[in-house]
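The task is simple: from the sequences and hints, build the whole structure.
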Amino acid sequence: MTERSTTDPHQAALTLRDLVVHGDVIVCTGSGGVGKTTTAAVIALEGAKLGRKTCVVTIDPAKRLADALGLAGLTNEPSRIEGPWPGELSALMLDTKTTFDDLVVKHAEDPDQAGRILENRFYRNISSALSGTQEYMAMEKLYELHEESDFDLVVVDTPPTRNALDFLEAPRRLTRFLDHRLYRIVTAPTRGILRAANVAAQSILRTVSKVVGAEVVEDAVAFFQAFDGMEQGFKDRAKHVIDLLTHERTAFVLVTAPRHDVVSEATFFAARLHDADIPVRALIVNRMHPHFSDASPTATRERAHSYAGTDLGGLYDNLADFLLVASREEDHLRGLAERLAPAPVVRVPYLRSDVHDLDGLYEIAHHLFDA
Amino acid sequence: MVIVAGKGGVGKTVVSASLARAAARTGLSTLVIEVEGKSGLSTLFGQPPFDYDEVVLSPGGGPGGAADVRARTLTPDDALIEYLEDHGMSRISRRLAASSAVDMVATAAPGIKDILILGKAKQLERSFQNDLIVLDAPAAGHAISFLRSARGLVDAVRVGPINAQARDVLDMLTDPARCQVLLVTLPEETPVNELVETAYSLEDEVGVSLGPVVVNGVYPPIEGLEHDPDDAAADAGAFLHPGESHALRAAARFRLDRMELQREQLERLGGRLPLPQLRLPYLFSADLGPEHVDELATQLLDGITSLAELAGGAA
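One line per chain: the protein sequences are U and V, in this order.
Heads up: the first sequence runs through residues -18 to 352, numbered per the numbering used here.
Heads up: the second sequence runs through residues 42 to 356, numbered per the numbering used here.
By construction, these hints were calculated from the structure, which means they are not laboratory data.
Some chain U residues near chain V, calculated using beta-carbon distances under 8 Å:
hint: 1; residue: Val197
hint: 2; residue: Tyr288
hint: 3; residue: Asp298
hint: 4; residue: Leu305
hint: 5; residue: Val306
For clarity, every value in this text was computed on a predicted model and none was experimentally measured.
A virtual CB, placed ideally from N, CA and C, is assigned to each residue, including glycine.
So, in structure tokens, the structure goes:
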């Protein structure tokens, strides 16, 4: 990291708009169901409104971003969304398998090697079964868009993974897999490693064969052998991806809802990001309940009890319910907000309906950027 | 066995806890199985976190004569070690787990982690040590692939113990007398859409039998919200503080609005998915604990009773 000065646009105490104006990459992270996809779309839209050439990458399998943008059929390549903004807005839906295939083709020594890998059954399973692959490919796509196209700002939504570590470690995870002893061992025959190692490998492979069948193991061995020679390219690339993620022009934005369990998870994310030396540049809290008055929930509940059985009693009960929720929400957020200070906390109220068009995105943009 | 599934944030764990509590109250000794650590289930029962080893979350006995609620976590790694040990491969099991070969095996045969967990759950079911097993399934889209793993593996791995395991699991999943899936949602647009999609893919692709849909977070009605606070105060002979009238009105408007939206979504859900609904109230106290689980358990039992009456009346 370079030294920070007051003019450094990457100092944490920036508004969300500053991040959109000055950042290269914005990563929206948080647990599932908190509105990450929509938030990413709104941030990208703001970029376009501010004249930047923006692309948003969504990973959500529910295709909700496409709904939000009123666009069906987003593909793995950016497609342009036309609208009344001075900049540009493009969107794409991550296709893990295609992204991985492209990566294999890029790193293969020749089309034969690429073909052998792409046809291997073990390889075909990787994109759906090796945990962390989706996250890795999301980051790979982000890197590709950042390095190889001329977007000013790339906004990326993250998969609703259980923990931030999976996500941050995704690129490392596959390379570690390739570094795996078993991989070394099964590719050893072509390299003439000591026979003793082979005996150990054979014993593990035999056990695995007993459990899952010999066919499956043969596929895996064939994959590793086909992959031989490509792993360095993959590792170098993964390192570049990590560098981009930890670069100061990359801003991580944590998205949450104000519920206790969700805030706990967000706090956990924040801690993991902190451990990885990645600052959270803004906390976005979706679905906040309104704050109807400054009265105390307890006093209001007492009033409800004194007028129990009347319409006024009902009205007080209801107000007490919402005052309680609002104060609890603030209680839940306090610790997280303090931990992330000076990053701004942006609150977005409960909306009347789900977002499925640009107007809906504009409404959220108003809460994110104008409040 | 009841498998509780739904996307993240819909209160799946609270529903699992309440269901277990409700079952225990009717005298069924119940085991809750967690498959993703750190769900907060132990907190809901006011207990310390638990692990692979079984713990008692709420003991039976007492005036109601309830049964135990017990819980444990199942992880693929632990299940694999146990599986290998049970199959005479204990010598290699630790080494395999330590070398993280599980990752390679899991990639070689997708769904194997899920089948290890489901296989263990099936073994627990077949042990008949519990009257009911509640399995808190993984969140989001994982629930479908989790339950689909058995069918996938039956095709992918044609022979050997994994194939046998997958067949046994599939037998359990597709036998309505042994296993039902309870889907949980919120009365909101996106969760309802996703629930309907999940319901049809589970029925078509896995062949499981679906129990009632649990709709969590339904606003309970309150009397008097349609009335103007000033009139209501006059009727009750009360004086309102400055600003109070406005706050009361805005809060009433907000709840009525949301109740209306929820009603629309509940209707839409009913229209798109012909399954009975069990509705659980929105709880305004944000920190849920044992007393809330008990309250929700009561609501579930009431709901189940009225569904049974409805079914009885229709027959």
